[in-house]
Structures are given as C-alpha cells and as structure tokens.
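For reference, the chains in residue letters:
There are 2 protein chains.
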Amino acid sequence: MESIMIYVPAILAVVGLLFMAIKRSWVLKQDPGDGKMKEISEYIYEGALAFLKAEYKLLTFFVIGASIALAAITFLPGATTHLSIVIAFIFGAVFSALAGNMGMKIATKTNVRTTQAARTSLPQALKISFGGGTVMGLGVAGLAVLGLTAFFIFFFHFFMNGQWVEGIYDGETRTANELMTILLETLAGFSLGAESIALFARVGGGIYTKAADVGADLVGKVEAGIPEDDPRNPATIADNVGDNVGDVAGMGADLFGSYVATVLAAMVLGNYVIKDMGGIITGDKFGGIGPILLPMAIAGVGIIISIIGTMLVKIKSNDAKEAQVQGALNVGNWVSIALIAVACFFLVTWMLPATMKMKFYGEGYHEISSMRVFYATLVGLFVGAVISSVTEYYTGLGKKPILAIVQKSSTGAGTNIIAGLATGMVSTFPTVLLFASAIWASYAFAGFYGVALAASAMMATTAMQLAIDAFGPISDNAGGIAEMSELPKEVRQRTDILDSVGNTTAATGKGFAIASAALTSLALFAAYVTFTGIDGINIFKAPVLAMLFVGGMIPVVFSALAMNSVGKAAMDMVYEVRRQFREIPGIMEGTGKPEYAKCVDISTKAALREMMLPGILTIGFPIAIVLLGKLVYPENNQLIAEMLGGYMAGVTVSGVLWAVFQNNAGGAWDNAKKSFEAGVMINGEMTYKGSDAHKAAVTGDTVGDPFKDTSGPSMNILIKLTCLIGLVIAPILGSHDAKPVIDDLEGIEIVLDETTPAPEVKQSTKEIRIESVKDADGKVKATVTTVTDSAEAVEVFEGTEAEVAAKIEAYKKK
Amino acid sequence: MESIMIYVPAILAVVGLLFMAIKRSWVLKQDPGDGKMKEISEYIYEGALAFLKAEYKLLTFFVIGASIALAAITFLPGATTHLSIVIAFIFGAVFSALAGNMGMKIATKTNVRTTQAARTSLPQALKISFGGGTVMGLGVAGLAVLGLTAFFIFFFHFFMNGQWVEGIYDGETRTANELMTILLETLAGFSLGAESIALFARVGGGIYTKAADVGADLVGKVEAGIPEDDPRNPATIADNVGDNVGDVAGMGADLFGSYVATVLAAMVLGNYVIKDMGGIITGDKFGGIGPILLPMAIAGVGIIISIIGTMLVKIKSNDAKEAQVQGALNVGNWVSIALIAVACFFLVTWMLPATMKMKFYGEGYHEISSMRVFYATLVGLFVGAVISSVTEYYTGLGKKPILAIVQKSSTGAGTNIIAGLATGMVSTFPTVLLFASAIWASYAFAGFYGVALAASAMMATTAMQLAIDAFGPISDNAGGIAEMSELPKEVRQRTDILDSVGNTTAATGKGFAIASAALTSLALFAAYVTFTGIDGINIFKAPVLAMLFVGGMIPVVFSALAMNSVGKAAMDMVYEVRRQFREIPGIMEGTGKPEYAKCVDISTKAALREMMLPGILTIGFPIAIVLLGKLVYPENNQLIAEMLGGYMAGVTVSGVLWAVFQNNAGGAWDNAKKSFEAGVMINGEMTYKGSDAHKAAVTGDTVGDPFKDTSGPSMNILIKLTCLIGLVIAPILGSHDAKPVIDDLEGIEIVLDETTPAPEVKQSTKEIRIESVKDADGKVKATVTTVTDSAEAVEVFEGTEAEVAAKIEAYKKK
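If you read the sequences in order, they're chains D and L. Numbering of the first sequence is given in my numbering, commencing with residue 1392 and proceeding in unit increments. Numbering of the second sequence is given in my numbering, commencing with residue 1392 and proceeding in unit increments.
In isolation and in its complexed conformation, chain D is listed as follows (with noise of 0.2 Å):
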C-alpha cells in the first residue's frame, strides 16, 4: 500500500520553486537604473554567461564519458545497480547546473537593482539583495528536493511497483530490503551527476575569482595605481564575475549536492533500519518505509521553514547600521532552525515507529526510541548553528585572534604570516571536538541513522543559508557598480554596509558548508558500509591503513594543486591586463575603452583547464586503489572494499582539517588586512592603510585568498565526491563474489532449533572446524576446514542456511 507522504516532499519543494518564481519576477521588476550603471550590470550579467557557456561546453563531455563509464559499471559482473542510474546521473548533473544557472543570473541581476535601491533606501536595498539570495536558496534547495523525490517515486515504481514487497529483479527473487538498495545504488547516479557538478563550479569557479582578482589587482592596484573597481581596468568586469562565479555558483552547487547527498545517505541508512527490524516494520502508516521517507520529509519542510525564515528578514531604519542589518539575518536564521527543530519533532515521532531495533557495530541491537532520532537531528542543528559562531570567533574584526594577527604585522610579513597559518590551524582544535561530538553523540542516540539524520536536520536550512549566503556577493557587486559608474558617495556607504556584513556572513557560511561536506560524508561513509556488505573498516589491516595514509596525502596536494592553479591563471591574467594597457590607446585617460570580455575569456578558459589535474585526482584514484586492489587480492573483495574504505576515511579526515585551516587562516589574513582600513592601535600607535604594517597585512591576504577562496572550499567537493564514488562503486565490491573474511564478519551465527544438541568440544587428533558466514542478503558461506596431524583439507559451501547444512551434512559423511 502506498502512502501519500512519497509525494509531499516534492510538492512542497514545487511550492518551494513557485515561491522563488514569485520572488524572481518582484526582483526582476526592480529599477535597474540607467546609464553606465546598466551598461556595467550587463558585462557582468554577460561575462557570466560566458562563463556558464565555457562550463557546460565543457560538462557535456564530461557527462558523456562519465555516463559512458557508469554503464559500463551496471555490466560488471556481480554490479546489481540498474542502467537507469546513467539517467539519474544526467539529471543530477542538468539540475544542478540548472541550479547554479538561475543562481547566477539572478545575482548578475539583483546586483545592478541593489545599487539603484541604495540610491533612496537602505532597507529597500537590502530587501531586493537578500531577494536575489532567496530566489538562489529556493532555487537550489528546491531543485535538489525536486529532482531526488521525483526519481525516488519513478524508481519506487519503477523497481518495486510501488510497493514495499519481494519481487523478481536480475531473474533473482530479492527482497524488499534488497529491491531498495538495488534502488537506492541507482538514485546515487542522481547525486554523483550533482557533485560533479559541483567540482566544476566549486573549483573551476575559486580558480576564476582568484584568477581574475589577483590579476586585477596585480597590474591594476599595484603597476597602475588605479583603485579597486576602477572601469579603466580591463580585468575588473571579470573580477565582478568571479564573485558570482566563485561565491554564488560555486557555494550553490556545493550545497546542492550536499543536500542531495545528505538526504539520500539517510535513506539508505533508513532502509538498514528496515532490515534491522526483521525486513517489515509493522503498523507502518508510510507504506512501510517510513524511515526512507522522513529524510525526504524533513527536506521539504525545511523549505517552507525557510520561505517562513527568508520573510522576517527586514530592517525599518534608513540609517541601520552593520548590527541591524546581521540582526535582521540573524533573526531570520534563528527562527529557522528554531522552526527546523520543531518539525523535526512532529515528523520523526510521526513517521518512525515508537521503538526500533537498530544494530550497533560491537555491540549487538539496541532498542531505539523515536525520541532518540529526534535527539540526533538536534544534534545536527546544533552544530549548524555552532560552528557558524566559532567561524566567526576565528575571522571576525575585532575578535581577539584578528587582533593578534594585526599586532604581529608590525614586525612585517613573515610574523603576519606565521600568526595567520597559527590562527587556522588553531581553529581546527573546537571545529574537530565539535564534529567528534557531534558523530558520537548523534551515534549514541540513534546509530548511523542519526548521524544522517543529524546531517538531514542541519541541511534542511539550506535554502536560508544559501540565501544569506549569496546575498554577500550582490552586495559586493552592487558596491563596485556604484564605484565603477562613479555614484554619490552615500550609495557606495550604504552598499558598503551590506557588503560588510556579507564579508561575515561568507566566512561563516563557508563554516556552514564545511560542516555539511563532513557530515554528509560520514553519512556516505555509512551508507558506503552498508552497501558493500563488510561490517567494518579495520585499519589494523596494512593494506587498510596504507590506504588511510594515502586518502590524508589527497587533500593536501589536491589543495596545492588548486593554489598553483590561480598562480598560473592569474599570470595569464596579468599580461593579458598589461597588454591591454599598453596597446588601446586612452584606456588609462577613459577614452579608450577596454576590452572587458578579453579578461572574462581568459580567466573562464584558465580556470576550466587548471581544474582538471585536481579533478583527475579526485575521480582517479578511488577508481585506481579499486583496480590495484583486484589486481593483488583478485578474491577478496571485501578486503579492497575496506581499502577503499580505508582511503574515504583518510580523505575526510584529512580534507575536513585541510578545509578548517585553510577557510579560517584566509578568511583571518583578510580581516587582519581590512581591521586596517578603520585603523588599529599598534605598540600603542594608531596605524592606518599604507602604513608597513599594513602592507605585511596585504601580503598576508595575498597568501590567504587561494586558501579562503579555492583551495579551502574545494575541500569539500573533493571530500563528498570522494566518498561518492565509494558509493557507486560499493555494489560491485559487495559480497556476492567475495571470499568470506572469516575474521571480522559481523553476524557468525550458528542456528539451531531447540532439538540440535550443543556442539561437543574435545580435543582430538583429527577435527573439522566450521565457519560460517552470513551475508547482507541472507545467504551463507561455510567453509569447513579438517584439520588432522599431517594435512589439512579446505572445503567451502554456500547457499541458504538450509543448504549449506545439508551439504556439510553430505560431507561430513563421506
């Protein structure tokens, strides 16, 4: 029996789109201005569609070749996931392109109109900029919950006609347990199609922005001694871009895989919980998948929640200042995540039963109330709301960390330096206790299963996160359009107001995106284990652990990788910037006029191209340590799935740290520098802009724009991704051809009617010992060793309990 719950996710995400439709076409019907204010909104609006053109020119081949390469996976022999995956992968991929697309051109839009508002009015301007940020945030939450829940319903019909029963899949009778995990291996491709995505834009996109603001900056601020922003300038269009590109598409498609990733995680876990409680869990009101279905639920809400959160942010007064104005988002965030935790509880005491039975790796089933998930996901919202505030402690003005930075510039670049890398490598030390808790305490209340749904719980926020979060580079933008087209100064004041608070909300919200990635990952982590069918990594295995080593070096050249990256695209930037100079006659007079898509050419066709090694890297070597694997231990499966396991767990460790300390010491290095810009009081001197001290501060920020900006958020596409692949590859490492690894399988469990006697144990000369093995999908694995003083004769037997009983049974007798 079906239950109407599978489909109100994707109404509510449907509700969620219209919503942003709405609020599309009020941004939209905004003044743009007029005059050179339009002029310069459209070389941004157009050099980010070139940008977008450039990429997807590029993603189709790539979706082509990794389509090609996923079917091939469903051919494997022992691979169960559906061909359709190939199509989940396709739309993954289109939807979270499409996503990023409305994104960017709504904030190319917003931007220009932002600027025009702040003319007259503070709060109309932060109204339609944090509009733009709304349309984003719904946009891509709804989107990512549309697409998921659709194809779940396709796929729930599709697989097991839309009902929770065995049924034939592969000429094999499966069960209903196993049909959804055939299922749900195949709805990944939907979430790999979104995260690739996401490598594109999350990588390709911070190597664009640093690309094109360093090499501004370089010749522009420093050879010509122009200012930030100066339209003489033939990289700062692309500059402008950058931040659309970087900050907007890139932390857009960040979160909608997270989004993506995090809600199926949990369904797969949910559908472990299932199966933990005999297969069938009875009473249920949800078409008897219940646990499945919340996550999708608490997806959906969320957005509503945050249609509710993105309407009470408003300020009244013309002369607000930066308080109000984080008040005002403040406000917002809060009573979303209040309304979040508040769902939560309805939904999960509503939709999972009373008390489950769920199985704890060492030790054996626990009873788990409905109560306890519930604890988890306020696990999960807490260090959502947390670890936004120790991101701040870390980067924000005036905060003690900051300040020492500041003070230790005064005796030059190298002390500054050092003190920035200390302050973000310091901050790893609560963000790291803070994600141990949080995997432990949501552990403790409800198994892997909360820890997913602790991740399900923080990201169902997405859409106002999102929404603060972009409404940071509108405002950035529509600064640099009033400077640009050379407004009355009180504009570039109010704008400047916005755009402060937008320099926070993006330091925290990098916070945000990073706690999602490691809890979205673990989640996959989870679901990883599930799906190849080994009960554990043991990394006191050597092949294990050296795959562990591996998986912690990945981040750490990947994060080079990604700063020589900007290195070499912003050199390209720079003689392009200097050529430019020296051959349009007037360009430095304002006569001539530079040739801004020039710039926006080069940094596109930079950041695409240096993206690939990174992205090499992160595809290839979960696919090489697969195929090194079967090359030595052609049996063992399951001993290359713990290595694979061993290499996500390594990367996500590693990368979690890497992004913490890269995020935290940039985004410190860039306050230091502005703490200069009001002026700060050094060995009891007040120092200001210009001073030596402050030129230590500007080296600093150099230093920590690739970290904050490209190496440091690429962490997280490089951890999901990673974990990703793991997923998709899982089914053809599970335990159907695999050689029992008798020593840590979970369930070794002999079964015996009351009328079996016990076995008798003696000491003898001769003697046979029997171990057997039960797997995922019920079948078993004895292998009966007979072991006498000169020889020893190895016999192995599968089949159901039943079988094998009766073969060894045959054997013993003869």
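Fair warning: there could be bad hints in the mix.
Calculated cross-link-like contacts (lysine-lysine; reagent style DSSO-like; alpha-carbon spacing at most 27 Å) [stated by the list, open to error]:
1) K2021/D with K1750/L
2) K2086/D with K1959/L
3) K1429/L with K1444/L
4) K1750/D with K2021/L
5) K1518/D with K1880/D
6) K1959/L with K2065/D
7) K2172/L with K2172/D
8) K1518/D with K1420/D
9) K2021/D with K1989/L
10) K1750/D with K1666/D
11) K2086/D with K1500/L
12) K2086/D with K2172/L
13) K1707/L with K1880/L
14) K1748/D with K2172/L
15) K1448/D with K2086/D
16) K1790/D with K1959/L
17) K1959/L with K1791/D
18) K2172/D with K1612/L
19) K1518/L with K1959/D
20) K1959/D with K2086/L
21) K2172/D with K1750/L
22) K1959/D with K1791/L
23) K1959/D with K1880/L
24) K1750/D with K2172/L
25) K2065/D with K2086/L
26) K2080/D with K2086/L
27) K2086/D with K2065/L
28) K1612/D with K2086/L
29) K2021/L with K1748/D
30) K1518/L with K1500/L
31) K2086/D with K2080/L
32) K1880/D with K2065/D
Because the hints were derived from the structure by calculation, they are not lab data.
Dock chain L against chain D, hints included.
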C-alpha cells in the same frame, strides 16, 4: 636453555661505546686554537651546559611525576605490568639524557677544533667535524642498544628465569608467551622514558634554537644592521648554542627514541610470531626466542657496521669542493646500508625458523619463509635510502621546486610564500606513497613483524645517520667561530664548504627522522593492538571514527602551539637584546662586552616554559580519551582500546603529513633564499642578495624557520610518544575484564570433533543462537540467545572450550 645470543647485542653496543670513547679522546686531543676562538667556544659550551642543566632540573620533576603515575597504573585492576616499569622508565630517561649530554658536549668541543683545523687543512677539518658527529652517533646508538638489551637480559631472568617456559606471575600460571608479554609491557617503560626526554629535547630545543635565531636576526641584522654571528650581538652565543641544542641534542634524542621504540615493537611482534606458531619454536637454537632476539641482533650489528661506515668518510684534497665532501659522506652511508642488508640476510636466515606460521588479520594463517622476513628488511632499507632523495629533490639547491620558488619571489613575498607552501604540500605525494607502499609491502612479506623489522633494519644505520647529521651543526658552529674570531677569509671558505654540505644533510636527516618515526609508530601501533588483545580497529564504529578525527587534529594544533611559542620566545629575546644595546656602554663599538649569558638564560627559560602546553597536549589527550571512554563505556574495554587506537592512527597519519609538509616547505624556503647568494636568473636578469626578490625570499625563510626547525621535527616526537603512551596504557585495556565484542572478534569458531553432527538449520518459531568467541588466551565466551515470538533471553558462558560446551549442554537441557 639460554642462548649466548641474548648477550651479543649488548656486547656489540659496548664495543660501539668503546670505539666512541677512543674517537672522543682523539677529537679532544686536537688543537682547540687560542685567544678569541677559544673564548667564544667556551661561551657556546657553557651556554649549552646551562641549557642542559635547566632542562635536567625540569626533567627531574617530570620524571618523578611520571614515575608516580606509572606506578599507579601498575596497581590498577587488570593491569599486568610490573612495578619495575618505573625503574625502566627512569633508566630510559637517564640514558637518553646522558646520550644528549655527551653529544652536546662533544659537539661544542669539536666546533672550535674544526675551525682550528680549517686554518690549514680541509680534509683535517672534515675529519674532526665528522669525528665529533661519529662520537655523537655512536654514543646515542650504543646507549640505546645497551640500555634496552641490558634491561631485557635482566627482565628475562627476573620474569622468566632466563628460560622460555611457563611460570607463575601474580599468582597465576602463565604461558611463556604471556610472561614475555608482561616482560615487554614492562620494558616499554624504558622506551617511554627515552621518548619523554625526546619531547623536551626536540620540542624545547626547537623552540630554543629558533627563538635565539629569530631574536638575534631581528635586532642584530635588521635593526642594528650588523652581520650574522657578529660578537657584538648579545644573542649570537645563544644562536650558536641553539644549533647544538636543536640540531644535535634534539635530533639525537629523537633518533634515540626511535631506535629503542622500533626494536621494542619488533620484539613484541616477535613474541606474537612465536604465539602464532603454537607458543614454541621447535628446534630454535636461541633459547626459543629467536624472533624476539633478532631485532636486537640487527641493532647491535648495525652499530659495528656504522663504525665501518664512518671510517670510510674522508677526503684527500685540500681543494675539495662540496661535491667531494658530499661524496665522501655518501660512500660511508651507502656502504653502511649495503652491509646492513647483507647482515640482515645472514641474521634473519640464521635466527629465524625456515618457515613461520603468521596470522594475517582477515586472511587467516600464512606460512612465511624467513626469506620473506629478509625481504621486509630490504623494504625498510630502501625507504631509508629513497626518502633522502625525495627530501633532497624538494629542498635541494638548483632543483626544480626551488627554482620555481625563486621565480615566484619576483612578484613579492605573497607569491613566494604560496609557492613554498605548495612545494611542501606537494612533497607529501611521493613521501606518503613511499610510506604506504612500504607498509603494504613489508606487511605482505611478513605481516606486522615484517613492518617492525623493516623499521629495525632502517634504524640499524642510526649511528651513521646521526654522525652525518651532527656534522652539519658542528661545521655551522665552526664557521660562526671563524666569523666571530675574525679569522682569515679562507678559513671561513673551508668551513662554508662543510656547512653547505651540512645543510643538505640536515634536510635529508629530517627525512630520515620522519621516516623512522612513521615506521616506528606503525610498529608500535601493531604492538599496541596485540597488547590490548583486540583484533583490529574498526573505524566504522562512530566513537572510533570520532577519535580518528580528534587524532588527526592534534598534530595541527601542536604545530600551531609550537610556532606561536617560537614567536613569543623570540620576542623575549628581542626585548633583551634591545635593552643591552641601549644600556651597555660601548657595545656597538666593540669596547663594551655583551651579556651573552642573559640571552642564553632567556632562550632556555622560554624554551622550557613554552614546551609545556604542547607537552601536556601530547600526554594528556590519550589519557583523557581513556578516562572518557571508561566513563561512557565502563564495561567495554575493547571499545575504549579501539578508540585509543583510532586516535593513535589519526595522530600518526596527520602527524606524518604535517611533518613532511612543514619540513620540506621550510627547507625549500631556506634554500630559495640561499639561491640568491650566488645569484639567480629571474625573467632574464641576474638577481642577487639585496634585491626585492631576495627580500621576499627572506620573508619566506622567516615563515619557514619554525616550520623546519620547531613544529615540523616535533611531529616525530608527537606521533611516537602518542603511540608509546598507548602501548603503556594497553595492558589496562586488555581483555581481562572486557565484555565480549561479538561483532568483530577474530576466531569465531565452533570446534566440532568428527562425530558431532552438523548443525541442523531450520526455520522455527523458537530458535537458539550461539555466538562463541575464542580470545587471545584460548578462553571461549559463548552468548546463547533464545528467541521466541514474544521474548528473547540471553545467557553468557565463559571458560575453556570444554567447560563452555558443558555449560551450554546443561543450559539447553534445562
């Protein structure tokens, strides 16, 4: 029956120490020069002694405190460790301190003699400086092997009456294997003592040397404009003392600790080889403990081979250049490595049974030939040799990475620093792949015993490595003395040749040290697992995964603390030097005498004060995890042991990465700066010292200094000490009172004699599940679960196999 072989390693160590004594008296007989030279050398000597004295005072308190804590541990319920661990601990600390003392003294005596010899002859200068290094190397290696083997001999008689037979301990009859385990648990105290001293020497020394260096440079070079090593600078003596404190004593204590820990871990795993073979080796000529004696034998023979190696280091021509000097060192090094390979072949095939039965987790028992163990030792020697080349590639003058950093210096300090960071980060790629392959290969050859013996073989060259290593700072000091004493230019030229080679060997020495720390930690990690009796560390348990995260974070925070400490200590120095410049009349004219001792005192106090927090972090966290674990899981020691294991793995993986990253980035910046001395080609122009690009490179070097001399090398101690603390705690977490962890225990076997019918498997409404577990001591625990439709009952039975079978029988009848 006792084998004479048990005494051989100790005898070889004594031979090494005798040779050292001869070499030492030869060095001391050399002409120490006269006048100012002698005076300055005296200052350095006294400064070094002052540091040692202050360090010993602090150490005394630490050793007393730690001894009490260790004694307390032995009284904990379930702990099998003998109280004499305290004596072993104290001796380990004293021996390590003694080695450091000896090394520092000879180094500070050799420097001036090298300067004096350099007045006339380069070959003689090399002979003396390398002679000093040899004394240091043999002193460290000799004392390490002597201390460990002497305690082993003593304990072997104390615990086992010098025989491999069962005996009574703590009122219970124990097998020889169990007695040996208790012996080795106690012997671990020696290793812990040694490594604790290394914490003080390496971390404290690292802070000392950089505080003095930075302080001397900032005021002397930058503010007062006087050259390096100028005797008017009050901090210059402290700076020269620092070279000895950090590079000589610190490195010596580091390798002393590695040497002892590696051999100990290999002995622990040797004991498990014997266990896997049934508890006795038939036909063993070494009193039944061949596999345990082997690592000691390799260590002992390594000392003699190192003596041969050091004898080969000589040059003939007075006009030799760097290449010849480096060549002479290489000959000694390569011959040592080759001879140790040969020695390993004979020792391994002679001392081990032709084939051994070893348990591979997840794969069951394998037959391992002794040749495979030999191959494992070759893996270790290979790593030791290759890691130097890798390090040299990333940090060597004239190599591609350095040239790239030099080029990037032309666009400012920011790009120089990004390039240096990226170089350090990328260098983790080949390094980690090398380590990962080594772990995997040596494990594939001979299990974790193979991993430990690979480490042992690598460490057998310690004396030679340390001789090469200590020669660097001695030559550096010799040059400083020449400068301060205003000797003729050709003297400085000769010492500069030695110094330049010394810089390369310092970098490669750091590579060797981190490789040794990594392999040592892995061996300790394996030993830890066997001590606790767990069968693996399953990171798919959330508490274990959480601790993996926490462990990964520790090296990052530790590094930040160390870097900040350098900053603070350097500031103290800056204020003192400024004060002296201000208050001592005639100091700048050379008529007033600087108060060198005050600066030495400041560096000493700052170093010891600032190393407290990192030290507490290192020692406190493992203990905190165990306490937290006991609080949450009072009855599940196995899970706590896994959590601690996860933490250890996190520290090791992350620590190795951060060590490689920091060492190589620091080394690269240093040599990028040095490149400007001879002039470099940037954008087609020769660029020299004093250019803007050079200034940018100097900034990079400022950042790199604490990286390569403080935080980077400290990682070695962090990871080894963490694993050693784990090892000492391990017995408390042993299986003695642990709740059985059914899910992932090793040998779940139902032993049936041939007359027992196979279990009949039926679907029935009432079923009995029996899960039985055999632990490391051969005891069986069976959990019998009776499930009916309405209820579930669980009974647990423990005892020998026969007892459990009887109990189950009785229970079923009931």
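Check: Would the pair K1959/L and K1791/D pass a check requiring their Cα atoms to be no farther apart than 27 Å?
Finding: 16 Å, holds
Check: Would the pair K1959/D and K1791/L pass a check requiring their Cα atoms to be no farther apart than 27 Å?
Finding: 16 Å, holds
Next item on the list: Sort out whether K1880/L lies within 27 Å of K1707/L, counting only the CA atoms.
Entry: Holds - the C-alpha atoms of K1880/L and K1707/L are around 21 Å apart, at most 27 Å.
Note to self: Check whether the Cα positions of K2172/D and K1612/L lie no farther apart than 27 Å.
What the structure shows: 75 Å, violated
Check: Are the Cα atoms of K1959/L and K2065/D separated by 27 Å or less?
Finding: OK: K1959/L and K2065/D at ~25 Å, within 27 Å.
Next item on the list: Could you grab the alpha-carbon distance between K1518/L and K1959/D and see if it respects the 27 Å cut-off?
Entry: 48 Å, violated
Check: Does the alpha-carbon distance linking K1880/D and K2065/D stay inside the 27 Å limit?
Finding: 20 Å, holds
Next item on the list: For the pair we were handed, K2080/D and K2086/L, check the Cα-Cα distance against 27 Å.
Entry: Holds, at about 22 Å.
Next item on the list: Would you check the hint for K2172/L and K2172/D, treating anything up to 27 Å between C-alpha atoms as holding?
Entry: Given that 27 Å is the threshold and the Cα spacing comes to 23 Å, the pair holds.
Next item on the list: Below or equal to 27 Å on CA atoms is what counts here, so check K2021/L against K1748/D.
Entry: Roughly 25 Å separates the two Cα atoms, so the pair holds.
Check: Is K1750/D close enough to K1666/D, meaning Cα to Cα at most 27 Å?
Finding: The given pair, whose Cα atoms are some 10 Å apart, holds under the 27 Å limit.
Notebook entry, point to check: Holds or violated: K2086/D with K2172/L, Cα cutoff 27 Å?
Noted result: 69 Å, violated
Hints 9, 11, 12, 15, 18, 19 and 23 from the list above are not met by this structure, while the remaining hints are.
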